[in-house]
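Protein chains: 2
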Amino acid sequence: MFKVNTNFQKLPGSYLFSTIAKKVAAYSEANPNADIIRLGIGDVTQPIAPAMISALHSAVDEMGDAKTFHGYAPDLGYPFLREAIAKNDYQARGCDISADEIFVSDGAKSDSADIQELFSADARIAVCDPVYPVYVDSNVMAGRCGTYDEKSGKWSDIIYMPTTAENHFVPEFPKETPDVIYLCLPNNPTGTTLTKSQLQLWVDYANKNGSLIIFDAAYEAYISEDDVPHSIYECTGARTCAIEIHSFSKNAGFTGVRLGYTVVPKDLVFDGVALHGMWARRHGTKFNGAPYIIQKAGEAVYSPEGKAQIKEQVGYYMNNAKTIYTGLKDAGFEVYGGVNAPYIWLKTPDKMTSWDFFDYLLEKVQIVGTPGAGFGPSGEGYFRLTAFGSAENTLRAIERIKNI
Amino acid sequence: MFKVNTNFQKLPGSYLFSTIAKKVAAYSEANPNADIIRLGIGDVTQPIAPAMISALHSAVDEMGDAKTFHGYAPDLGYPFLREAIAKNDYQARGCDISADEIFVSDGAKSDSADIQELFSADARIAVCDPVYPVYVDSNVMAGRCGTYDEKSGKWSDIIYMPTTAENHFVPEFPKETPDVIYLCLPNNPTGTTLTKSQLQLWVDYANKNGSLIIFDAAYEAYISEDDVPHSIYECTGARTCAIEIHSFSKNAGFTGVRLGYTVVPKDLVFDGVALHGMWARRHGTKFNGAPYIIQKAGEAVYSPEGKAQIKEQVGYYMNNAKTIYTGLKDAGFEVYGGVNAPYIWLKTPDKMTSWDFFDYLLEKVQIVGTPGAGFGPSGEGYFRLTAFGSAENTLRAIERIKNI
Chain A
1 MFKVNTNFQK LPGSYLFSTI AKKVAAYSEA NPNADIIRLG IGDVTQPIAP
51 AMISALHSAV DEMGDAKTFH GYAPDLGYPF LREAIAKNDY QARGCDISAD
101 EIFVSDGAKS DSADIQELFS ADARIAVCDP VYPVYVDSNV MAGRCGTYDE
151 KSGKWSDIIY MPTTAENHFV PEFPKETPDV IYLCLPNNPT GTTLTKSQLQ
201 LWVDYANKNG SLIIFDAAYE AYISEDDVPH SIYECTGART CAIEIHSFSK
251 NAGFTGVRLG YTVVPKDLVF DGVALHGMWA RRHGTKFNGA PYIIQKAGEA
301 VYSPEGKAQI KEQVGYYMNN AKTIYTGLKD AGFEVYGGVN APYIWLKTPD
351 KMTSWDFFDY LLEKVQIVGT PGAGFGPSGE GYFRLTAFGS AENTLRAIER
401 IKNI
Chain B
1 MFKVNTNFQK LPGSYLFSTI AKKVAAYSEA NPNADIIRLG IGDVTQPIAP
51 AMISALHSAV DEMGDAKTFH GYAPDLGYPF LREAIAKNDY QARGCDISAD
101 EIFVSDGAKS DSADIQELFS ADARIAVCDP VYPVYVDSNV MAGRCGTYDE
151 KSGKWSDIIY MPTTAENHFV PEFPKETPDV IYLCLPNNPT GTTLTKSQLQ
201 LWVDYANKNG SLIIFDAAYE AYISEDDVPH SIYECTGART CAIEIHSFSK
251 NAGFTGVRLG YTVVPKDLVF DGVALHGMWA RRHGTKFNGA PYIIQKAGEA
301 VYSPEGKAQI KEQVGYYMNN AKTIYTGLKD AGFEVYGGVN APYIWLKTPD
351 KMTSWDFFDY LLEKVQIVGT PGAGFGPSGE GYFRLTAFGS AENTLRAIER
401 IKNI
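Sequences listed follow chains A and B, in order. Its first residue numbered 1, the first sequence is counted upward by one per residue in full-length UniProt numbering. Its first residue numbered 1, the second sequence is counted upward by one per residue in full-length UniProt numbering.
The hints are simulated quantities; they were obtained by calculation from the structure and are not laboratory data. One should not assume that every hint holds.
Unchecked claim - The list that follows gives simulated cross-link-like pairs (lysine-lysine, DSS-like), each with its CA atoms no further than 30 Å apart:
{"#": "1", "chain 1": "B", "residue 1": "K67", "chain 2": "A", "residue 2": "K364"}
{"#": "2", "chain 1": "A", "residue 1": "K22", "chain 2": "B", "residue 2": "K87"}
{"#": "3", "chain 1": "B", "residue 1": "K307", "chain 2": "A", "residue 2": "K67"}
{"#": "4", "chain 1": "A", "residue 1": "K196", "chain 2": "A", "residue 2": "K208"}
{"#": "5", "chain 1": "A", "residue 1": "K67", "chain 2": "B", "residue 2": "K23"}
{"#": "6", "chain 1": "A", "residue 1": "K3", "chain 2": "B", "residue 2": "K175"}
{"#": "7", "chain 1": "B", "residue 1": "K208", "chain 2": "A", "residue 2": "K10"}
{"#": "8", "chain 1": "A", "residue 1": "K3", "chain 2": "B", "residue 2": "K154"}
{"#": "9", "chain 1": "A", "residue 1": "K10", "chain 2": "A", "residue 2": "K23"}
{"#": "10", "chain 1": "B", "residue 1": "K329", "chain 2": "B", "residue 2": "K351"}
{"#": "11", "chain 1": "B", "residue 1": "K67", "chain 2": "A", "residue 2": "K22"}
{"#": "12", "chain 1": "A", "residue 1": "K154", "chain 2": "B", "residue 2": "K3"}
{"#": "13", "chain 1": "A", "residue 1": "K329", "chain 2": "A", "residue 2": "K196"}
{"#": "14", "chain 1": "A", "residue 1": "K266", "chain 2": "B", "residue 2": "K23"}
To be verified - Quick list of the computed label-pair ranges, beta carbon to beta carbon:
{"#": "15", "chain 1": "B", "residue 1": "P74", "chain 2": "A", "residue 2": "N167", "range": "36 to 44 Å"}
{"#": "16", "chain 1": "A", "residue 1": "A165", "chain 2": "B", "residue 2": "S120", "range": "39 to 47 Å"}
{"#": "17", "chain 1": "B", "residue 1": "S120", "chain 2": "A", "residue 2": "D356", "range": "32 to 40 Å"}
Stated by the list, open to error - Quick partial rundown of chain B residues pointing at chain A, CB under 10 Å, derived from the structure:
{"#": "18", "residue": "T6"}
{"#": "19", "residue": "S112"}
{"#": "20", "residue": "L275"}
{"#": "21", "residue": "A280"}
It should be emphasised that the depicted structure is a prediction, and the values quoted were computed from it without experimental measurement. All C-beta atoms in this analysis are idealised placements derived from N, C-alpha and C, irrespective of residue type, glycine included.
All chains, please: the whole structure from these sequences, using the hints.
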């Protein structure tokens, strides 16, 4: 008699962004003429830039010709892309990462959900609170998080590291030593980050305690300050304690194109087992490579034209971030983030809960944001707005909020 | 202190096709002038047909224009594709499957590896022997298969259902009742299949025993005989016991394009839990949709032009299958498959082991096939050749084998 994986039933409600989509759809249906501005989900709005479009067209042509057709991609990615990544994202920054330590995938969401397959069933994980919900949910599905307490919003077996205004968004080392530490820096949702010397302390901590760090660098392209690391491998000793996950979604607008990569250094060895070989086996068994045409678009991201075009696009969004940050500050809100990340994190006014503030904004001014509580218990009382809208809509949204 | 998932270490050797690739690379390096013909891995060689190339180009253009740009796809697939699938692959065949029971993915390999996340940790799985290795390996990685016995080539907790020449490739109901039954029909690697009335017996068996059937229909487009079902939902009662997995790799040549889908009927409920909701949650949490441009190519597969073009391509490969089947038969081999599938399954001559025959063919006539033992213990003494080469190479390969 078949029995289901009961861990799924432990998950409270639906995935955060599905819930938001449903609420917005319901509002939209009830108010068909409402002019809704979406600054909620971290989805980009600018089109794919010309260098990548051109690479896509060329690759499509190759696929239509027997002489240049490409079947199954190499499981771990085409060498042309792995080499471009190693050279541009690592070696150019002085990080000792080679092409065969890069694993190309269909996106950072898949990788950050799947990486827990390498952990023992009883691994204790630590997450910043608030944080991207996929880290927690993927571990819950694998039965690694104990039971959920509705009241506190916490899982019994997860170690939470609050990152709030009170500690200036710098998590403290937890009392209990975690086996795995998830760090998303620049952080989603708070838009804050750590300096290189602050991150070095975490690398030292992990090496001392035999912990594994999962470092999510999805927002790296938005870093504007000099002392903020673009990669954890800028820190000494990270090769023996850290896996790094990257996305092409936010730097190159690939949310609907799907491309990402994960770095597993060969020095990452626990109890004699190299995680590099394990992740290669995982890819080989459960994945059949990212599409050729999309890997070619990824390669174009590192061309001189591609680099210039995505820099301009990131600049466009960061200008929106400034508009939101400044506008909200002028309107009297308590605001964070927005300097090294496309996210603005604000305190809800009048001690409203974050879901109440979500409903309030949607109903009063037809603006969709993301309730902080959706990212963890310490996100309660906060709210996330993203800089990924159009400049025009971002300005209109801020005007509406100012005029409430 | 971090500990790894030790189930990975239980897996013997590397993934089958990685091992083959390494052996061929080594031979190729030692014999740089060797004219190797690859009839091993099931990868297509014909280019993507014009209707799909045209859809890809149009979709790329859309992605380059702000007015038509597409960001994150709906988690479960674009409605245009889900509807085309439901209509053409199901409703047109009289199967009661609706668009919202179709889950679009990046390929059948991912889905067939990930589907086990829905099973309880102690689920007993049954597989045909020989079979596509991903079913077993993905369950091993989840700790569901016990221990591996080198000598028998079997896992202690897997129920094997031999499908060999002795039972005319029709598996018998196992002595022990399985929780999950994997059926790949037409079968990879044997190229054989079941008639509709034979499959109906499995559906009845599953419903009677509360078992779940995972039905892999990746080779459905190659069916040429009338009494062979294209979908398990042609059988009465399949909606309450079966999940079906589909690929665009073999019908439309999408091995390097990556697209697939899985059908989870809403009537599939165990102990009050609907698997439809679980798989939706799995997709929502761990996957971000297949790329828009590739879903548009998938839609084109169902256009009148697309249908005609892929039919021609399937015909081309089936002509190869006939060449291989007839040629080997003429040369005195014992041969199976090739009628409803692009795979030819042959008995190795002189009781050679399947890996010995692999080496023999590679060294004597520079032909790459796949050793039967790589698909399970009952595959020993057999060998798989695929019809996915070019017509010219297929003819040359058969001439070489005939002349040994």
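Indices of hints not satisfied (ascending): The structure conflicts with no hint, since it agrees with every one listed earlier.
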